[in-house]
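So the sequences go chain by chain: A and B.
The numbers in the numbering used here rise by one with no breaks, and the one at position 425 of the first sequence is 425.
The numbers in the numbering used here rise by one with no breaks, and the one at position 399 of the second sequence is 399.
Think of the hints as simulated: they come from the structure by calculation, not from any bench.
From the three backbone atoms N, C-alpha and C, an ideal C-beta is built for every residue, glycine too.
Among these hints, one or two may not hold up.
Taking CB as the label site, the calculated pair distances span [stated by the list, open to error]: (1) P116(A) - R234(B): 36 to 42 Å; (2) A85(B) - G1089(A): 34 to 40 Å; (3) E968(A) - K294(B): 29 to 35 Å.
For lysine-lysine, the following BS3-like pairs were computed, each having C-alpha atoms within a straight-line distance of at most 25 Å [to be verified]: (4) K483(A) - K362(B); (5) K957(A) - K362(B); (6) K242(A) - K226(A).
One letter stands for each residue in the lines below.
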Amino acid sequence: MNKIKRIISLAVLIVFISSLNVFAVTEDEVAKMREAIPAKPVVKPAKARKMLMFDLCIGFKHSSIPYWAQAIDIMGEKTGAFSVEHSTDMTVFSDENLKQYDVICFNNTTSLDPTPSQREAILNFIRSGKGIVGIHAAADNFNNWEEGKRLMGNIFTGHPWTSGGTWAFKITEPDHPLTKSFEGKDFKLNDEIYRTDPPYYDRTRQRVLVSLDLSDPATKNAGGVKPSDIDTGITWIKRVGKGRLFYCSLGHQHHVTWNKPILEHYLAGIQYAIGDLKVDDSIPVVESARSAEAIELLNMVKQYDWDKNQEPLHKMTLFVRDCLNNPIDAKMVETKLLEVLNSDVNIAVKDYICRQLAVVGSEVSVPLLAGMLSAPETSDIARYALERINSGDVDVVLFEALKNTENDKIKSGVIASLGVRKYTDAIAEIKKYLNSDNENLAVSAVYALSVIGNEAAADALLEAQPKVAKERVFDALLACGQKIAHTGDVEKASKIYSKVYRLSKDDTIRKGAFIGLIKTDKANSSAMIKGAIEGDDVAMQKAAIQTLSQVEDKSLLLTIAGSLKSFSDDAKVLIMAALAENSSRVGEVQVLEFIKNKSQAVRIAAYDALAKIGTVKSVSSLAAAGAEIRDRKEKDAALEALFSMPGKAVDNEILKLIISEDNAGKEMVVIELINAAVARQVEGLSDVLFTATQSSSRRVVVAAVKSLMTTAGAEDVTAMVELLADKPSTNTENALTVLADRLDDKAELIAKIAARYKSLNNAQAKSSFLKVMGRLGGDEIAVILKAEYASSDAALKEAAFRAMTEWPGADFIANMKSLAVSGKDEKTRILALRGYLKMIREHGGKDRGKKIIDTFKMAEREEEKRMVIGAMGDFASKDVFEFLINNMNNSNFKAEAEISIVNVAKVLAGRCPEVVLHTMQQIIDSNAGDNVKKGAREVIDKINKMGAFIVDWKISKAYSDNGMKCKELFNRAFAPERNEGSWKQAIVSDDGKIDMDQAEAGDSLVAYLKTVIISSVDQEVTLSMGSDDGMKVWLNDEIVHANNVERGLTRGSDKAKVKLKKGRNELFVKITQNSGGWAFCLEIQQADGKRAQNIEVDSE
Amino acid sequence: MSEKKLNRRSFIKKASAVSAVAGLPFIIPSSVLGKDGAVSPSNRITIAQIGCGGMGTGNMNSFLNLNNNALQFISVCDVAKNHAANAKKSIDNKYGNSSCRIYGDFREMLEKEDLNCVSHALPDHWHAPVALACARKGIDMYGEKPFARSIKEGRAMCNAITQNNLIWQTGSWQRSVAHFHKGAELVINGRIGKVEYVEVGLPNGDAGGGPQVCLEPAPSGFDWDMWLGPAPYRPAQNFNGKLRKDGGNGPHWDWRWILDYSGGQMTDWAGHHIDIAHWGLGLERTGPVEIEGKGKYATGGIYDVPFAYDFNCKYANGVTMRVANAAALTHGMGACWYGEKGWIHVSRGGLNASDPKILKEKIGPGETLLYKSYNHHENFIDCVKTRKETIAPSEVAHRSISVGLLGEIAMQTGRKLKWDPAKEVFVGDAGANSMLMRQYRSGWGI
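Only chain B is shown next, with the shape it has when bound in the complex (with noise of 0.2 Å):
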């Protein structure tokens, strides 16, 4: 018998037992609640989609095909007309009905709707206003990595999800693929001794530089203002001249390069391979005390994010974590751990080590197992069932994207900055404390 095996069966024994437990459902529709509490026999689970891009069609579509038969989609909010009429179709045709119902503004949907929790996938800077209106409404979230785009919106939404007791999971689903997994296990018991020094290599930011400006009214069907929402005003945009290519469907994907709605590729992939380099040295619910990094930012057209960086980290426990474009690392994309016996270095790519012995050795049942999961949305429907804590909860989210907004900060101001983990501050630097926070347009807070 297998460890793996042994594993699995706990684990599948130890899901069933709680969901079974006694009589008393954890799920309950709050359509069903009110009457002296009185509990409807449904197990249903309603959830929508927030965000119908090519992220958000993507999770959508990975929540449909656990062909769980609790779990129904019931309405679709889009600030592109065309998006969310495509995302209803994809629902209608699984359920074989037209019954999803379309939004444009979503929190007209949390009004109206009876919802057990909501999947998004948004622009970053649209994160923690969303979070926060669904975490009022006690809504459980799956939603996009990087968790949020300051890091006082991402302590709000902790501390929201947190009051609310609310489940969420993050789209950081590297945690839930074996190789990564197997990866971090291994250096959190010690199979390369004591870490002092990680690297985490994240994308080129390719997008450097970036095309003209193509300023144009906005196109029907595309709600501008919206899509802005808290970001500072700023005239309906054509990013990359797709708003008119695909019809008016919207400013996709390369809103990544504005630092008004994203960090570039460093903040998106810090959800990533910081969070796992984070998974492996048990670091993954505190911060670092000291950054100090370098950047380059694009110099023409209408991008303004860094694509070159390189910063480090110093931990209260001595570790030094370096994060760089994937070109200047030894080994490129991914986390790689040094430790006094060797090295072991995890990516998409798979998983290595300075000896492959290393990665053949096994993890008894007193050591440190970490959360194992086998597939990253149903693990999120799971915990909505059981209550359980996710395998990339909320507040795991925040810690490893603080890391890039902290890079970001760092190199944005110059100076080595101290951090106080536990407080959220930098030790004396206002300047660098009034960053913690993004301003919001009037009529917006969170």
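Next comes chain A alone, as it looks inside the complex (with noise of 0.2 Å):
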């Protein structure tokens, strides 16, 4: 201790002192006391003996301290077994100032928390033949110290018995000296008592004079206690090294430190710690109730060997595991272990006990297992256990073990050993065997002080002047180097790094010892990762990158982000791309300077980098930059940069520069913000976006209507239809007209316009309105477009006419129809049929066959009678296909007629292949053109390969229900099967698989396909189907197959027998899904298990 910590020490005990006297103990109390202690010692004290009473608390401060502080001082002034010094000071507790005392009083301290260097000083007084005495709260310290724990014999973990009872002790050991006071007598007493419970109490380690009376009912009943509170011990001693401990539960309450037999019990266990008073303090054997147990269990074990079950070995484990829960039980089980290994056993048997003894051994263990450890067959099994024990005597038996042996191989496991239990004090005798021509020996030495991984190790390693493995002792010592950093002396790691560095010659071994200097050396570490990378050693290069791709030093990353320019244009790539790969992500501004350098490939890495340590900072300079720039691939690089600089404040800059003051004038900038605003999905865009639609540069202006297409939402249909009155151009039509079709009902929209339309007085923009209304339709503005057809401006009357001829619905269907035979010109008559063919493709219901044939007949010129045998194509149906097979050598309209020909078989070959084969044989036969005839072989080669597969069906959407699985959702009816739901035509491949996923991709899922078959006869055919994965099939609404399973695809997997009714067979289908594949296939066939005869497909 320096003086002047000395000088405060005193100073904080002279005010503890007075304060206890002036404050608390009143003179009364004081005079009960010397009353109460014992004139003489118990036995005369050897020679003076001095006390280091400790008055500290860091936790609860017992009002009772300086009661104990008094009664204490007086007991040693009246007896003279003592004097006593007090001290509240932690540093006292060292080996040199320890010296001069006989014994430590731990009076009522709480919560103390030694240093570890105080933690050996407390522990090696006592071992050294000193003594410990703890009062009470004597017991509530050391949480975070593991064998300080273990030295106070128990650690508080609560008080049933408070301070307000009175409660009964019973006196353990009569006859035992320290309880001599007591006069055999039990006693009841108001006091407060802690809680005993394993494992910290221990009845193997420690001997318990008195003990709670748990047989008196108040006792036993006290708030809280439980069955294992039974042995609740109240004084105890134990022997620990060559000193001894004291310990006494009582002293809670004042009156304590009056109470006579309680005083001279103190004095007793006080002159026994100190070692003046001889006692027997050896443990008492309590007997296990298991012991019975634990001896059959080990007959069947001994019974076993290498080619024997292993049941009985399974039992004893159990067991071992059970005892462990107490200490009593461990104790026994380990005595029992013992003996059977030190009976004539085989050594599959002694593995066996030897790996429970790993688990229950303690030092009794030590002595028999040190003996193994000399014999080549035994010395292994002995150390798996050995290496366990929690035990200072292990590591003296491992070390002798180490110096007795002549096998080098036993040696070799012993060293390992020694190094795993980090025994240091071997370190000088290990050190020997690092020079070994051994390599065993050599590697084991090497392996056990890079495990060991301190300083005095790592000495050790670097004097070391090995014959073999050299390179493994650089390794261990870099390993050293790792784990002393980790302790946080990185100087020391540096000099272990640097010495490393400079004498190996090994790539590896020299890259480890740099990347650990450059983390230890800060100073110079920028300095080292500057000529690494400037310099020639490619590795060392390597090396250096790394580590700044990887270093969390952000100050180390900033000086070198900020020495940039001093690097070579490669260096400085190089740079930049680790900047870039560390996740600090820092040293943006000083690579925003490079986007100007003179090399392209700097200018590229810098861009490549921001892309990664980009923030807002960067945003104006990459927009910028990406307007700019001509060369494509560098162009690139800045805009990817801008698209991928993370962070919702880039987002926010982006916005705010699209629409700043300052880019007003610099339109590109402004459409690569706004590109990279529309990549990034930036939230918030459309309003921006509607802003710079203001913008005086119409690029701008063309750039935002563009990107609303994709951005606007539901939200923005108000916006847009002002935009459209504002701004009216095809852009914007287009823009309104995409933001219908992303809308689930377009009846807000159709109001909104419609309303927008009657007040506006611009002839151009009045236009526009009428073109996207007439893709929206709409009752409101039917009415509109029939008013302004009406109108007697030309302009208008021409757009509601154009307007009319897109509506989507019917309304217009005969105003089209007249207009295209009597329009007033051919303009308006040929727009009129084109509307008209339109109109009946997507209205004309069931007979729309018959409808384009007789608008093929009404049509008077050439150029109209084309138009609809051109239009036929997309009628497939009987009629037009007979009609167009009779028209197709009509020279005016050959060409067009080819097409739909083929056009219309290809979807009648689905539905009724034996027409359309035979019709495209008798054209092949025929002189038709080449196209028609290529055309109708490649329907029959389709027909062919459709062979039994029904390819024309409906598919529905994808439906599932919250969490249901596959299995489950094959039993559960969603939309479709109650005539709901809404279909569209599936796509089916050329072998007849039907692809679920086009209903929806993902998993757990159901979908249904439906078709008509329509049938010439009565007749039975067989459904022959594949599924992935479950399927159930209805015929006319009745279930003819049902397989809820989970697998893939397999065509014919299931075959169902069904009768068809002459006329039309409504066939519906369910398939499930679990996950992966979806998919159905069905085959319909006669009994030779070709395609059957005499029906036709229609899933219309």
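The task is to assemble the complex, starting from two chains supplied on their own in separate frames and drawing on the hints.
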């Protein structure tokens, strides 16, 4: 202790003691103490004894502390057994200072947390032959110190017996000198009593003299008492090394300090701890209730050998683990295991016993195991136990074995074990083996020292003169460096790295040392990195760059980034790549300077780095670069960075810059910002785009409007309508149309656009509105179109007419038909005809085939006829097919007819393959044109390939139910089973497979297929099917097949014989999806497996 | 343009930008180093397979099937001669020559061959000794999960890999599968709100009990002593009769049920589903602070791993993880995160959520984008070239298996354990701390 500390602690001590005397204990109370304390020592001290009484509280502070300080002072003074010095300063716990004392008394101290060296000093003190005394709360310290808790023999976990009650105590050892004052009489006392729980309260390690008496009803029924509290110790003693501990739980209440028998009890305890009073402190054997069980199990274990069933071992293992719950059982089982180990059993049994001793063994096992270390056949198994036994004795016997055995193999195992146990006293001995020419020994020594890994181990390694495995020594030094750096001593670590770096010739080792140096020698790290990157040592170059990409030291990264200028271009590129890789994301400002560098490689590297480390600060520079740069590669790098830079702040900055005044004149910059914002899917972009549509730059307006096409949503309907009114253009029209397609419900848009139209007075806007309205449909708009068509304004009338030709509904079908015949000019008639054809295709109903044939008949001009024939390709019905065949040789529209025939035939092939096949064959045999013949052959191929498959299906959307699995979904009826839901034409591959993903891709789903089979006769056919996963099939509303499975698709895996009635037969299929593939196929077969005859399919 | 395409584009661009950097190739075979650090124009990556059983040849074939001309298998190593011979045959067939060399002792191979990287697939007790030997040679590694058989071995491996700046990829390939990635990414971006509880379902350890012992001399062509390596001695043992049946192949697969070599299904699969659970929680580089659980162990035959297990881990941020047999959990196998707003469950069967809408949500550029890999083996080779961290690096793999190993110790001691994830020691439990390292036979160290 230095002088200043001594003075301070003395000052504290004086204040403390005076506070005790002045403020706490009254003169009356002191008088009672003097009266109660014995006049003579229990035994005359061998010499003058000195007690260090420690009174510090970190946690709860007992008010009885000054009472005990006073009482013990008086006790020492009155009996002459010892003198007392007080302290509340943790630094008194040093080897040097403690030398002067014979005993330490912890006076109700709480939550003490000594440093490692203070812990050592306390342990050294008692082990060397001195004493420790604990009063009451002395068992409420050392929570973070395992050996400390064991030392005191208990740790506070609660006190069911509170200071408000009076509790019963029994003298466990009435004949023991330390309990003499109680005269063998059990007693009752008002005090607070701590619970004593294993493992720290351990009757195999301490001798209990006084206990709580739970046969007393009040004591037994105190609140919170649990069964295991039956053994609650009050006073115990134990030997620790050559020293002694005395602890007594009594002393919470003040009156205990003038209780005569208890004070005498304490005096005897203190004199025992000091070493003047010799008493029996051996640990009495407590019989375990489970020894019979242990013997029985071990008798079975003894029969074991390598080739026997291990069942008895497994049973014993569980028993051993169970015994750990009770120290007495644990001690018993350890003893029994040792008996077996010491008997004549085979090596397999010994091996097993040693593994159990690794779990339950204590210092008791050490001597027997030590004896096994020197025999080659038992050395390893003894080490398995020794390595895990928590006792300092182990280190000693291992060390002895190392010195005494001649067997190299045993030596190498023992060396490794000393390392695993981190026994630092063995370092000097292990060091000798570093220079051994036996590789196994040398490597074991290296291994042990690298596991110990402290400064002493590193020094030993550094001094080695290895003959073999030289690089392993360096490698171990690097491992020590890591460990030492981890403990905080970077300076020492750095010295180790530096030596290894200089001495090793191996690149891998040098690289490791270099990286270690950078991490530990901060002052030189940037210079080292610079040197390595610019140097010509490739290994170090790699190491430097890799380190830079991983190092967590931000200031180092910034230093390197700040000196980028001084590096070569190649190095600049590497460093910037490393900065980009480093997760610290620093160096943006420094890197930003290099986007103007004269080397393009450097510029691109800067952009690539900014993509990762850039923030708001880089946005405008990157946008400017992206706008200005001509070179594609570099431009892409800049724009990629603008797109990739992480963070919402970047999003917001981009939005801000799009509409910033500063960018008003820079249209290309604004456009790149808009593009980036669209790609980044920035939230709130639409609002900014609407603002941008007011830009004075036409190109910006166009970019903004085009972007709105992707970004605008339902919430933007009003603004979009206004935009169309304000800036009518093809782009705006398209943007609004695309938005309309995205809307689930168009009603609001239709109402708004109709209302807004009424207040328009700009002709161009009106024309734009009409164009959009024509694509939207809706009753309100139909009224407007009719009205405007009747208008006297020629331009309006024309716009309304054009809108009507595109109308999605059937409202104007009659108008179109009549205008197609009687329109005022050819242009009008053609437009009307086109509109009419579209309308009958979409709304023509079942007889639309007839309608288009009629249209052909009313067409006058060749141009019109050609248009009708061309349109027929989309009208897949038998009458149209027949009409086209009959008219295919008319030279005026031969080309159109041929294309249409093939298109119709392709669709009909799936519905009525027999008819189509026949017709196609006729075409091939005729003098038809080459194109139609080629088409006909393709259709025939298709039909042949199709075989018996049904390929004309309607498919539903996919359905799922909250968390429901595939097999459950099979039995859950969704909308289509109730004749609801929407349908679309299914896409069927050439091999008849329907990929159900077209409904929706995903897991745990269901979708449906339906079609109609028209049979010209009553007949029986076979449905041959395959499904991935399960399927359920209905024919005319009856289930004809069901298979709830999870599997892949196999064609024809399932078959169902069904009866088709003459006429329409409705086929309805449900397919479930677990995960992965999802598909279905169905063939309709007659008895020989070929396609059933006399049927047509029509999913319409 | 979909989100996925955008990211993919960035990914490719980034990868090529780094590897194409400035005429300083990152791959330099050590054979051409030497005089003044001159660099050979060769960009060949040499690789060897150590452990040529089912998993080993599987990995080897995955590497061969990358059809990467720069990647060259030059040797194989196995203690079973026929395994090594079969592996050589596959490699020679692929390359159309007969130059692949065979070894029975990996140490000899590491001495003689000039290797850039190694792929190893070995019984768990072998992971640390082989990995450390490779690390000392500066060799990058693709290694199987579980990362190590004990926590101290795992830490030593991580330290050596860091010390030598090596690339390590763990065979936790689920990370490179889209739906696992997506599940973890949704969770880490708060799509189910704050997560306070996770369930991890692992396979039932069906091998409990196990067959009778068949003891017989090790067949010729199988180096039993080397197979044991650092593990405690036991005479040649015919696990499940397989040594005989396939003509001396070795104790394939069934070593999995013996504690000297493995922790059973629990530690095997910890490297998969706990790994994924950590990924979604952003806890992949730390560990729990408290572990408590129960296990049931095999009671007959030669097996002694736990076949039933159920343990809870608490993390410093309050998250609790329950790891148990799949059969005991609502969602079975996989990781299931429970958040304030719902749950997400991911397994090999797919990705599910309390509300399917959660799964359709996008992760924007400003959010946490988890590392994306499309092919686990290719990701390793890419990283060997670019020196970037892989998708399943050592520290992450170590922390994943640590949870399984901590559970194992908690079950064996039957105590509630307090763990310090920074120092990697139990707080105040010397008995448990002694179990952080396995005991080695003399002559073996790491």
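**Request:** Decide if the proposed pair is consistent with the structure: K242(A) and K226(A), CA atoms, cutoff 25 Å inclusive.
**Result:** Not OK: K242(A) and K226(A) at ~36 Å, beyond 25 Å, violated.
**Prompt:** Could one say that the CB atoms of E968(A) and K294(B) fall in the range 29 to 35 Å?
**Reply:** At roughly 32 Å between Cβ atoms, K294(B) and E968(A) fall inside 29 to 35 Å, so the hint holds.
**Request:** Take the C-alpha atoms of K957(A) and K362(B), compute the straight-line distance between them, and say whether it is at most 25 Å.
**Result:** Judged against 25 Å, a Cα distance of about 22 Å means the pair holds.
**Request:** Using the Cβ atoms, figure out if A85(B) sits within 34 to 40 Å of G1089(A).
**Result:** violated (49 Å)
**Prompt:** Range hint 36 to 42 Å: satisfied by the CB atoms of P116(A) and R234(B)?
**Reply:** holds (41 Å)
**Request:** Sort out whether K362(B) lies within 25 Å of K483(A), counting only the CA atoms.
**Result:** violated (43 Å)
Of the numbered hints listed earlier, those contradicted by the structure are 2, 4, 6.
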